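Engineer: Each chain is listed here by its residues.
There are 2 protein chains.
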Amino acid sequence: MTGLRIDSARLQGRLETLGGIGRDATGRLARLAATDADRAGRDQVASWMREAGLEVLVDRVGNLFGLWRTGDAGAPPLMLGSHIDTVIDAGIYDGCLGVLAGIEVVHTLREANVRPARPIAVGAFTNEEGVRFAPDMMGSLVYAGGLGVAEVLATKGTDGATLGAELARIGYAGPHEPGFLRPFAYLELHIEQGPILEREGFAIGAVENLQGISWQRVTIAGVANHAGTTPMALRHDAGLAAARVVAFVRDRALCPDFRTVATVGCMEFRPNAINVIPSRAVFTVDLRSPDETVLRAEEEALARYLGELAEVEGVAISTERLARTEPVTFDPALVAAIEAVAGKLGLGSRRVTSGAGQDAQMLARICPAAMIFVPSVGGISHNPREFTRPADLAAGANVLLGVVRALV
Amino acid sequence: MTGLRIDSARLQGRLETLGGIGRDATGRLARLAATDADRAGRDQVASWMREAGLEVLVDRVGNLFGLWRTGDAGAPPLMLGSHIDTVIDAGIYDGCLGVLAGIEVVHTLREANVRPARPIAVGAFTNEEGVRFAPDMMGSLVYAGGLGVAEVLATKGTDGATLGAELARIGYAGPHEPGFLRPFAYLELHIEQGPILEREGFAIGAVENLQGISWQRVTIAGVANHAGTTPMALRHDAGLAAARVVAFVRDRALCPDFRTVATVGCMEFRPNAINVIPSRAVFTVDLRSPDETVLRAEEEALARYLGELAEVEGVAISTERLARTEPVTFDPALVAAIEAVAGKLGLGSRRVTSGAGQDAQMLARICPAAMIFVPSVGGISHNPREFTRPADLAAGANVLLGVVRALV
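From first to last, the protein sequence lines are chains A and B.
So that you can map any letter, position 27 of the first sequence is 49 in the numbering used here, and since no number is skipped, the others follow by simple counting.
So that you can map any letter, position 156 of the second sequence is 178 in the numbering used here, and since no number is skipped, the others follow by simple counting.
Just so you know, these hints were derived from the structure itself, not from any lab.
As the structure is a prediction and not an experimental result, all values here were calculated from the model.
The C-beta atom is built at its ideal place from N, Cα and C for all residues, glycine as well.
Everything hinted at is true.
The calculated label-pair distances, taken between Cβ atoms and stated as ranges, are:
| hint | chain 1 | residue 1 | chain 2 | residue 2 | range |
| --- | --- | --- | --- | --- | --- |
| 1 | A | G336 | B | T351 | 31 to 41 angstroms |
| 2 | A | R137 | B | R292 | 49 to 59 angstroms |
| 3 | B | A269 | A | A428 | 47 to 57 angstroms |
| 4 | A | R318 | B | D111 | 40 to 50 angstroms |
Pulled from the structure, derived: some chain A residues nowhere near chain B, Cβ distances all over 10 angstroms:
| hint | residue |
| --- | --- |
| 5 | G42 |
| 6 | I43 |
| 7 | R45 |
| 8 | D94 |
| 9 | P98 |
| 10 | T177 |
| 11 | K178 |
| 12 | G193 |
| 13 | F202 |
| 14 | V316 |
| 15 | E333 |
| 16 | T341 |
| 17 | P390 |
| 18 | R411 |
Let's have the full structure, built from the sequences with the hints guiding it.
Structural biologist: Below you can see the structure in the form of structure tokens.
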């Protein structure tokens, strides 16, 4: 391991510059996919790619790549990347760190006149967050062949706009077929978005796997009735039934044997009036586990419970699957390489599971892939208070640099 | 008991005519207080009052009265009444029955040349439903001296309009001080809005008391965080805490010792995103009991539980009182008179508790009061499917007629 290090001030400055793009009058950050703010962010990133000597290439679904044609130009490139789209009222690190650290690694290698044996690409995948267009991780999913280009370009956003038209409008409907650069391997540096590394005092997480995710929408139909005149025993209260489900999934997830997390994030009552028994409750259930068998068992336990509850409460319950991904196991050799580089740099590391979905899980379908996590202060993410200390950002980028050097 | 009977076809026809006023293009009925629809309904009712020989009088908060100056003109009048404002997407019976049956009773007496010994008034109280202006039962509350006229006239509606200005606009800001007719007694015929009479096969409910009502808004502040990366044990999930409260109030109310009903009708999560742990849940708790001691004990039990829950879940919980009324016991002699008349007419009756708030509970502050209930099919109310069979409407109005004859 040479003493080569990334320029942490440059990386930090670029994170802050990019984080300043897409703020509204109140300072709130939102760069939703294929919006004007996304265009401004992409333009900035493309300009930094060019500054680092990368050739900018865009595919048909807007995935943005910077390619360093070096070494054996015909060899599959090592790919680094992540995404630069954000949630609404976002922090500045989620996704952006992986893209900007990738550019920084290339920039550092070029400045040091290192000539890798194979090409290196840095990718920023379209619409990882899925806020405006569903599903999330869209660009990387298409890139890995999991979804058709035509279907994705026809996707309607929450604002009624079509992704294809919006990409064309902002100038990022490129000519290349998704998957045109078949990666030799894929590495993604990302903030943890959880509290474990900070709480346990590790600078680096070597991400060995990623939870499978099951998203369902549950609709409970009861009977609206007067809150004062309807005896408790004669009620068919959709809101009460929904509350029972919230408690059920929580109580199962708290059981340490299951290794799942469970969240009810969305909830709506109808008619939502103080003195009317709810006729309808609609809510979401987010179940995650790194073990597919466990995840399936949890889905089945929920389905059984909903069946029993419908009978007990005299309500009708239907479910709709919104998303389902299987757990992903990352490439063991890459995970070991991350640990080894961290060790050589004197950085404490531990193996971790990604609780969030990531572009890396899609790339893992077509090449060896792994991720490096750095600590999120307080575990906070998808929030303006999202923060990773500059030293941790630099440490993560230097581990990425070290693994790149070991691979190319 | 003579054979005098109300004209059930006329009563039924007027209920349907009034129920046709205030419908939108889709047929949905809404006559919110002091709207154009309310004016049209009032105009129709005032015209029927005049047709029945009643003198139309309006007080400063829009309470509308038809007065029959008969017998001892200086004696306090027997008052019959209810309200004609409705909820949104209402049925045609709630409130309207009490007003139109009152007019019908007077009309029947005049046509039979009966000359009561004291005056009879029929009242339609402003804004019983409280949909546009808070609080509900507003007109009767002011009439009974429970709220000041100036304060009520300055009330802002959900649409930003002021009640006083709206009453003036629709021509129902009258000259009389609320309370100007001090009633000798007050009788209100109303649909049950609950399922008990129909399920048990009684035509008449002699309402002996009315539940106290406690309305609170509960706000739970937790910590928003990533649904995939935040371990279950580290969560401060406002939505989960809210669900625990919904289950708590239900489970206590199901306990037959308590004689309470409990309802969570409104529920909102923030940020209400599928993959974000709710940072905030806001919901309402509606507790009712005919026994003030029990109602207070239930409020205290809820407060204790919220305190424990805040500690267990690491969330902050605050409550805001939205409304509170004590239980009301109606006049025992009037209740007995209702039972006696029902018996003479061959109608099965039972004593019941009103689960809903009613204008009669306000009038009970200033005079002996009682209510007559008739069955609601399926217990359905505040709903276009609200329905009471014509024979039951007529039976209720004939009981009202019989009690009036017994009193004047």
